[in-house]
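Please build the complex by placing chain B on the supplied structure of chain A, with the hints as guidance.
2 protein chains.
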Amino acid sequence: MKLSFQKSSLLNGINIVLKAVPAKTTMSILECILIDATGDDIKLTANDMELGIETTVEGSILERGRIAIEAKLFSEIIRRLPDSEVIVEVDDNLRVSITCEKADFKIAGKSAEEFSYLPTIEKEKYISVSQFTLKEIIRQTLFSIAPGDVNKLMTGELFEVHENELKVTSLDGHRISIRKVSLRDSYADQKVVVPGKTLSEISKILSGDSDKDVLIFFGRNHILFEFDQTLVVSRLIEGEYFRVDQMLSNDYETKMTINKKDFLDSIERSVLLVRENDKKPIILNLQDQILEMTLTSMMGTMKEEILVNKQGKDIMIAFNPKFLIDALRVIDDENVDIYMVNSKAPCFIRDEEGSYIYLILPVNFNRS
Amino acid sequence: MKLSFQKSSLLNGINIVLKAVPAKTTMSILECILIDATGDDIKLTANDMELGIETTVEGSILERGRIAIEAKLFSEIIRRLPDSEVIVEVDDNLRVSITCEKADFKIAGKSAEEFSYLPTIEKEKYISVSQFTLKEIIRQTLFSIAPGDVNKLMTGELFEVHENELKVTSLDGHRISIRKVSLRDSYADQKVVVPGKTLSEISKILSGDSDKDVLIFFGRNHILFEFDQTLVVSRLIEGEYFRVDQMLSNDYETKMTINKKDFLDSIERSVLLVRENDKKPIILNLQDQILEMTLTSMMGTMKEEILVNKQGKDIMIAFNPKFLIDALRVIDDENVDIYMVNSKAPCFIRDEEGSYIYLILPVNFNRS
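These protein sequences, in sequence, are chains A and B. Following our numbering, the numbering of the first sequence begins with 1 at its first residue and continues without gaps. Following our numbering, the numbering of the second sequence begins with 1 at its first residue and continues without gaps.
Each hint should be verified, as a subset may be incorrect.
Identical copies look the same in the list; a pair holds intra-copy or inter-copy alike.
[To be verified] With a Cα cut of at most 27 Å, we get these calculated DSSO-like pairs of lysine-lysine: (1) K110 to K303; (2) K102 to K260; (3) K102 to K261; (4) K102 to K279; (5) K322 to K280; (6) K106 to K322.
Quick caveat, the hints were computed from the structure, so don't treat them as lab data.
Chain A with its partners taken away, still in its complex shape (with noise of 0.2 Å):
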């Protein structure tokens, strides 16, 4: 095999197929990155059995080939290159040789029949979707999936079609995160839960222009993002989904709307007395149109008021400040509504339209 790159061409695919290059594994050939110039194109792959990456890097096919090489050793050396031609060249022993300019580096490959190749997704159930929008969706809702949990279930999103309509769901036991977007066309119904770390690697690949879309085919047990020059494919998680329908409601007893910024501020201020596993609530005393905050650890005590808009009953509650952080960081609305019943029942921030929900349970408090 020989080809013939630009630098920052090569450098560019091997970002991408990075991300689905595990950081510790006992089998070394996942470790790797495969080029295969055996057909027309030079396509660059990385699996680690979950999540797999193929994308196709422009370049001069000399004469074909395919080789497995070390991803991170292969993308630091051509990271440091000059930014000029790079020829990768391969012998009968395996043995890889780059060079550019004057620089010749000469590392072992391996045979790329170890390697597994990406499985095939059929075609049939598809949806398109902006970058800009798949990239936004994720990170407004990632935050709340409960990455290390026994229940599988809780470590993906929950991705539904319905029409013209796109909806995630994630949640871990004390939120649940909800946002919808509308689709331009109508499509098949759809309900798979997509792996988290998947859709945290996607969006670091995802350019977020909102010109271009990506295209989302829903296999058995995969799921297969195509856009640009790449392809994702992730293995789903297996189960049925939790009913988070049943645990949503529009009854409230108190509403009350706030300045994002503020709100968010003030509760970021207040965790500076909480260090790391010290559990503290930041409570909210809601009184006539002030809301006073107070946070309150070994540390000393926080206290802000801030002017609201409020109808229904005055109320005290009181959160893990955290989740009310999470929740107010991903919301873009110069004002929020937050929806309560009471101190023991959930609240609820989300707009008029039900473009996102986010459903936070209250934690118990001192109310001395």
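Frame of chain A, contents of chain B only:
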């Protein structure tokens, strides 16, 4: 005590003295910043007993007094406050109240009695140097101290003043770095060893402005740096520094002039093949006007060539690539001259004027 500040002034002062707050200590008073407003100015001080920093902060004294406050918490609270007026008030129980707009923090202070003020240094012997020059000379030499060495002298740098010249030397057993700068005036001779940690912290505080000066005062056991509104006092390291002059020599068999950037880029690429504690040398083979560099490790082989200007004999010599990288990174010249005798003797990277000398010992290598 009751003081009023603009948030930005207070935060700026805190960030300066924070450099002298130790990360870990068993004496909790050392983790504090002292606010002293017993006189006409508001002074912040931190002191870890080796290094002490005092800075004057703009603000209004509404009621005189002093208090010690846990540095980390104090700095985080101030950082998060709105950009507005901050009031710091202490009651008779050493309870500190920090208020800013609608935010009100209450935290515990500590008695200023416990706090160790900075030692007083006689201001007889001194030099004046620009902030830019001091910051640069530290950057250009500090990398070759031996921070954890049992020989305390190796953990510091020798500062020598002779007439109108300041010379700074550091060494770690494998290399020596020397930088000289001219001062605007002539001063009495000085010779002190300053702890590396002091120099590292001070260079973070120095603005690097070439229009602003630093006064350096030499005490018996301490050195004092005075600049802007800030005093930095450090203990000196006791003992007789190494006789570096004996190790320097102007004799050479080979002089190589090489483009610094090309040389540095090549060596930086070569170390991609070296993992952590794997000490692989880079072999320089200089023949005629071509420098060939090779590095071979478990991971592979790298070979590069650079056209150079050579005077004298051909030579083959090997170095720890890190040592070449460290020296080349702090030299701003486009081309560097490297003087060598043979493969067992140190090489010297130095300029004509003698403003810098970097001595590096070679390592053994396999000629095959």
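**Prompt:** In ascending order, which of the hints set out earlier in this document are inconsistent with the structure?
**Reply:** Going through the list in order, the structure violates no hint and respects every one.
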